[in-house]
Each structure stands twice: as C-alpha cells, then as structure tokens.
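Asker: Fit chain B to the supplied structure of chain A, relying on the hints for placement.
Listed in order, the protein sequences are those of chains A and B.
Okay, so the first sequence: first residue is 1 according to the working numbering, each after it adds one.
Okay, so the second sequence: first residue is 1001 according to the working numbering, each after it adds one.
If you are wondering where the hints come from, they were derived from the structure by calculation, not from laboratory data.
Quantities reported herein were computed from a predicted structural model and do not represent experimental measurements.
Positions of the beta carbon are idealized from the N, C-alpha and C atoms, including for glycine.
Treat each hint with caution, since some may be false.
As the list claims (entries may be wrong) - With a straight-line Cα cutoff of 20 Å, these simulated SDA-like cross-link-like pairs (lysine to any residue) come out: (1) B:LYS1020 to A:SER37; (2) A:LYS120 to B:ARG1022; (3) A:LYS120 to A:SER37.
As the list claims (entries may be wrong) - Quick look at which bits of chain B chain A covers, simulated, 3 or more residues with Cβ under 8 Å: (4) 1363-1371; (5) 1407-1417.
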Amino acid sequence: MELESLYQEVILDHYKHPANKKLSPDYTAQVHHVNTSCGDEITLNLSLKDGLISQVSWEGVGCSISQASTSIMTDLMIGKNTESALSVLGEFTSLMQSKGLAKGDELVLEDAVALAGVSKFPARIKCALLGWMAFKDAISQSVTQQEK
Amino acid sequence: MTSPIDVAALKRDFAIFDKKMRGGKQLVYLDSGATSQKPRQVLDAERFFYENNNAAVHRGAHLLAEEANEAYEGARQIVADFIGAGADETIFTKSATESLNLIAYSFGNSKPGSKFHLKAGDRIVVSEMEHHANLIPWQQLAKRTGAELVWFEITEEGRLDLSKIADVINKKTKIVAITHQSNVLGTINPIQEITQAAKKVGAVVVLDACQSAPHFQIDVKELGIDFLAFSGHKALGPTGVGICWGKGEHLSEMEPFLTGGSMIETVTMTDATWAPAPRKFEAGVPNMAQAVGLAAALNYLSKIGMDRVAEHDALLTEYALSKLVALPGVSVIGPQNGLDRGAVVSFTIDGIHPHDVGQALDGNGIAVRTGHHCAWPLMRKLNLVGTTRASFYIYNDLQDIDILVQSIGEAQKFFGVL
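Only chain A is shown next, with the shape it has when bound in the complex (with noise of 0.2 Å):
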C-alpha cells in the first residue's frame, strides 16, 4: 500500500520521539522558517564552533514528514563540517526531487533514505525540506557572523 511506503517505521518513530527537539540556550544564529501552503513552523538554533557543527536544535509544529526529517537532519548533521554538511543537504534535496526513482545513499544519508518515498508526492516534498532549508539557512547566516 502506497500510505506504508511513504510512512516507514523509521519517520513514525522519529515524528513520535525527534530528535534534538528543545531549542539551545546559546547558538551562532537563529532561523524561523513556515511552509506558507499548511502552516507548519519551525525555529531553529545552530552553533558553530571551529568550523564543526557543535549543535542543532529545533522547536516547531508540523506533519509527521516534516518533524521527522527535521528530527533526522539534526542527527545527521551535528559533528560535521560546514562544506560535508552541505554535501549531505545537496543530496537530499536531489533524492527529493527524484520522483520516485532514486533510493538514496545510506552511507550519507543514514536514516534520511526513509524519506525516499515522499518524493513520489510533489504536495509532501515541502514538509520534508522544511528543516533542511532552516538548517541551510542558518549555516549561511553562521559563516557570515564568524566572517564579520
């Protein structure tokens, strides 16, 4: 059935405990991002410490796609440095936009290949970019602030 391949048990368990889901107290920049077609919201608070990736946290209303793979992007990102990171948003966005077709690297993407199925469903692809656009956002608005 098609509802099971969009929702694997890896986006339910992630929408039912995310991850990282309590914004920090301090963070090099802060971003707050809403999908204008349904309403869902997001803040997100992201620290940079020399060039690593030292926290992502988030609070924010949504679907399940979207606060699951927000929940997944933190895991994933936290640790990295800012060009691999970005490397990783890049291929998530190409697996979004893959119409069904791709599967997506495991290796880079870990858990976030769970959300291959949502490319099948244009209305969707927005909930799952939501955060990974924040989280783009914000590392932009992070280098800028170190390079002041």
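Answerer: Chain B in isolation, oriented as in the chain A frame:
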C-alpha cells in the same frame, strides 16, 4: 431521511467520477468548499461558445460579435436572476477575490466628498472568521487610507459574537465586510441583524457569498446588503469567472478599479470618461466563455432547485456531524449541530497532523482540504495549526461520509493514536 437529489443519476454528468484514484480506488470528492467539480453541461456550453460564437464582445459589427454579445449578456441575465439582482448591477470579474478587491480599490480611489471616501477616523468592520480574500483587501485599504480596521470576534461555539454589535458598528463605520458562511466553521451568519445595524449608521454591507451562493437560495434584496461577491468555480462553473454585485445607486457613483478598453465612454490623450455600470468595471475583453459556462452551471443548479440543493446539503451535514462527533479522538470545529450551518465540516484528530490525515484519506481516494484554509487568523484564534475539512455538494451521498468515517478509523490505527 432521503435526499431529494438522485445522486447516482446526477453523478453521470460529472466525468471526473470515472477517474481511478491511487490504488484503483473510486473518487470521494469532499473538497467542494475549495472548488466544485464541473458537469458536462458546463464544459459543453464553453466549447459551444468557442466553436460557434467566439468573438470579442462590445466591438465589431459582424455576426459572431453579435452572437458573442448575446451569449455574454444572456449569461449576465442568468446570473442576475440567480441572485435576485438586476443585470446592470451584475459585474463579471475573474474571481471572488477580484470582486472584493474591485470594491475595496474603488472605495480607495474615491475622492473627498464621495460617500465612499475613507480617511483617518473612519472604520471598516470585518470578522475573525473571514478567509484571506475578505480580510486582506480591507486590511490594506485601512492601511492606505488611515481608516481603522475592527472585527467581530467568534464565540466558543464558533458563531459570530454580536453581543457588542452597537460598539463594533458605530457612527464611524463606513464598511462592514462579512462572510455569509465560514469556509472553516460552516457557520451561517445572521446577515439581517448586521445589515440593520449598518443601515442605522449609514455603512455599506459587503457580503462574501463564496460558500453560500452555490449552496442555497440568495436574494440580494431580501438580504438588504449593498455588495455581494462569489466565485463561479465553487458553483459548478469554470475557473476564471467571479461575480461582483452592487446596488445600482452605488455602482454609478463609484470610481473604476481597472481601466482600459471596454470600460470607457469617451477618451482623449489626456482624459477619459466612464461607461455606465456594469461596463465601467469590466476593462478589457472579458472572460466570455467562462461567463457562458457559469450561466450553464447556474442553470444546472436552478434545474435541480436551490431548495433541493440546500435540503440535500443539510442532510449530509447532519449525518456527517452526527458520525464525526461520536468518533473517539476526533473533534469537530465549529457548531456541533446542523443549525445555521452549511455543508462544511472541519475537524482535528488527536495525535495526527491534518497533513497526515489528508494523506491517509487520499490513500482511500478521498479528497479533503487540510491546513489553515486561507483563514490564518481564525486558526490562531482557535489555537490550531490547521484542520482537516470535508465539504459536501450535490454529487456526494451518505456513503461518501461512511467511507470518510471508516478511513479516519484506519488512519488512527495506522498512526497508532487509538
């Protein structure tokens, strides 16, 4: 209780119900509040116009121009009759949103001395249950003119709170813009009470009839309103056509909204004068085929009879409410019974986000609306991120609601919230 409409027979006019949904499921279309499906008669009317009468109206002396004119103006008469109005007061726009903007921008263009001129100290009244189309044009008009925007709140039950009506509609009030029926709560508002209060202070009443005109008999005179807007596509008609009705005495005094061809009387290089309404408000070559399609749609509804449409809607709404209210973990938003309530039922399910509800229902061929329904301020007031909305029309039957109810149970099981 049986419906006065033979749904199975009527459905044969709507080709879309032959479509197979995901997994080969049949379509259960519960999203008419967003847009209705179209019967063949509407599509045929548009096609007939293009194949037989197509020419630009109000210009040209050839046979086709004459026929196009007749078709377009004939459509106007059918729309006018449908709402108890005069043809000269009935304006074709591209959408209800454009109709409401037409009124707001025309008022904004009024010069000092005009009864429509707005300035600081004047007041525009809306309500908390407006969808964005009947909120933002007024909110922005208030910003541009310095007028004050105030609003009716809603009660716990999801009805308009009119307890402070004399304070809200006061001597400063120039415009009251209100929805006839909420697109989220289903609530049908007591318009007469509002028009009486408005009349006392000389304010005009703009009625947003997007959710009401397709579903029950509207008579603009009986309602005592000054302006009315509705969209064609929610009333079985094509997209790209809306209606703006205004009292003739108002329209003749109002400034135009869009300017250009068709809407002029005389033009020099430095000045222009306006044609009388409705043409003053129809700049450019109009949406003729869509107007003709809308007329066919309204004829289709009139042939069924708007009383029967309303009775059918009421039957479905009562049935859906009784079923949904009884479901564990499901909360119906808005009035819990069918009294003064239209064919729209919004609900939330504990532990499942509306977007996921919509996805799960889609798996069973059910089309519903999910999210904030273009009524973000109302969602905030209700403390909700969004709802799932099922809305009904002439091609729905009780079985559609049974499938909805059963699918909700399946979704609850799937997401492990029951």
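Asker: Determine for every hint whether it applies to the structure shown.
Answerer: Hint-by-hint comparison with the structure:
1. B:LYS1020 to A:SER37: The given pair, whose Cα atoms are some 26 Å apart, is violated under the 20 Å limit.
2. A:LYS120 to B:ARG1022: holds, 12 Å
3. A:LYS120 to A:SER37: holds, 18 Å
4. 1363-1371: Answer holds; 3 residues pass the 8 Å Cβ test.
5. 1407-1417: With 3 residues closer than 8 Å to chain A, the stretch 1407-1417 of chain B meets the three-residue bar; holds.
In summary, the structure is inconsistent with hint 1 from the numbered list given earlier, while agreeing with all the others.
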